[in-house]
Amino acid sequence: MSYSDGAVDREGRIAALLEAAVLVTGEHELETVLRRIVDGAAGVTQARYAALAVFNPTGCVTSFIHVGIDDATVAAIGRLPTGQGLLGATVTAAGPVRVNDIASDPRSAGFPPGHPHMTSYLGAPIGRGGRHFGNLYLTDSTRPGGFGGDDEALVMSLAAFAACAIESAELLALERQRAEAVASQTQIEERARSRSELLAATIAAQEAERARVARDLHDDIGQALTSVLLWLRLVEDGDIDTSSAAQSMPGLAELRELVADALQRTRRLAFDLRPTVLDDVGLAPALARLADDLSQHGAALVIDTVVDDSAERVALPTELATVVYRVVQEALTNVARHANAASATVTITVHAGVLRAVVEDDGVGFDPTASTACLGLRGMNERAQLVGGSLRVVSTPGSGTMVILEVPVE
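Going by my numbering, the sequence shown opens with residue 1, and the numbers climb by one from there.
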């Protein structure tokens, strides 16, 4: 080798080391860094073949990067190296392993079927801090005399860079896992907090509903039954002559009216607690009846219900059907009371495991983000969340309103 050849060779080695340093300290994928190290090692040492194997803690090869062997040859060889022969000697070596003739070395275990014949060998362990990450292999130097001492120094330096890259990738993966675990824990805590808040709101709503029912029972039905009881006591005490039609008939008529009114209020309370029409005819007919009832009492409001065949075929659980009914009922009640609408449409569809109920009107609309625009929206949203669903309200002043309920179905 001439002086100029040696200078070029040294420059190539320095360039290879500088490139490896830049790669390791930069933000590159591990596969890219290791492949560039293998390419650089093969180029500077003029090796016909080069490879880098990464081991897991049990010693199994998890990644094998090679140059000089085409895909057809790799397929013919089949399995990855298992660390036998000279490869195994490199694993346990404290430094580089250099052999001029592989076949004559007693540590050689030969080549598997389909493997190209190789003569010279230079291997370096990839380790850091007492850990062994893998090996860097070079074979068949095309220079006279094969691999030399300078090649050993270069390969050991490149192996050290490879160890830094592998260790950095492991630390980055651990940091990513830690961040994902923290994010997952945060999500779990947020979901738990959301569920706790939802449960508290649900309990509060239930208590408010119970209080309302108690007031209705006490104020209306209780008073009616008290009146009946007083009239019966008057009859029992003889204060009312039941044999005299003139005296008893007016009282009986009033009593009958009180009982009829109490019965009607009782039925209304029962319906508010659980719409029995769902049990009697199902969701679609129940919504149609609801629309008809509100249309009759809604000052010229026309309500159409459109239930798709896909929704007709789905057997909804009782809880889910009740939620859909209640949300539609609340939305239509808002339309009748506040929207000043001429018409409204209820559409029920099921697609891709999701039931979609849409209540749309042509009324005055409102700003859903305004603090005064509650209109029962919180209650509807809480009902939706109880069955894993969601509720959206699309509206602007003067442009009508669309309430969209989506819930998962089996």
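In short, the hints are calculated from the structure, not lab data.
Note that this is a predicted model, so its numbers are computed, not measured.
C-beta atoms are modelled at their ideal positions from N, C-alpha and C, and glycine is treated no differently.
It cannot be assumed that every hint is accurate.
[Said to hold, decoys possible] Label-pair ranges, simulated between beta-carbon atoms:
#1 Gly148 to Ser184: 48 to 58 Å
#2 Glu319 to Arg256: 17 to 27 Å
#3 Pro113 to Cys60: 50 to 60 Å
#4 Arg193 to Ser390: 12 to 22 Å
How the hints compare with the structure:
1. Look at glycine 148 against serine 184: about 53 Å separates their beta carbons, and that is inside 48 to 58 Å.
2. Separation of glutamate 319 from arginine 256 is about 39 Å and departs from the stated range, judged on CB atoms against 17 to 27 Å.
3. The beta-carbon spacing between proline 113 and cysteine 60, approximately 22 Å, falls outside the hinted interval of 50 to 60 Å.
4. A C-beta distance of roughly 18 Å is found between arginine 193 and serine 390, which places it inside the suggested range of 12 to 22 Å.
The earlier numbered hints that this structure contradicts are 2 and 3.
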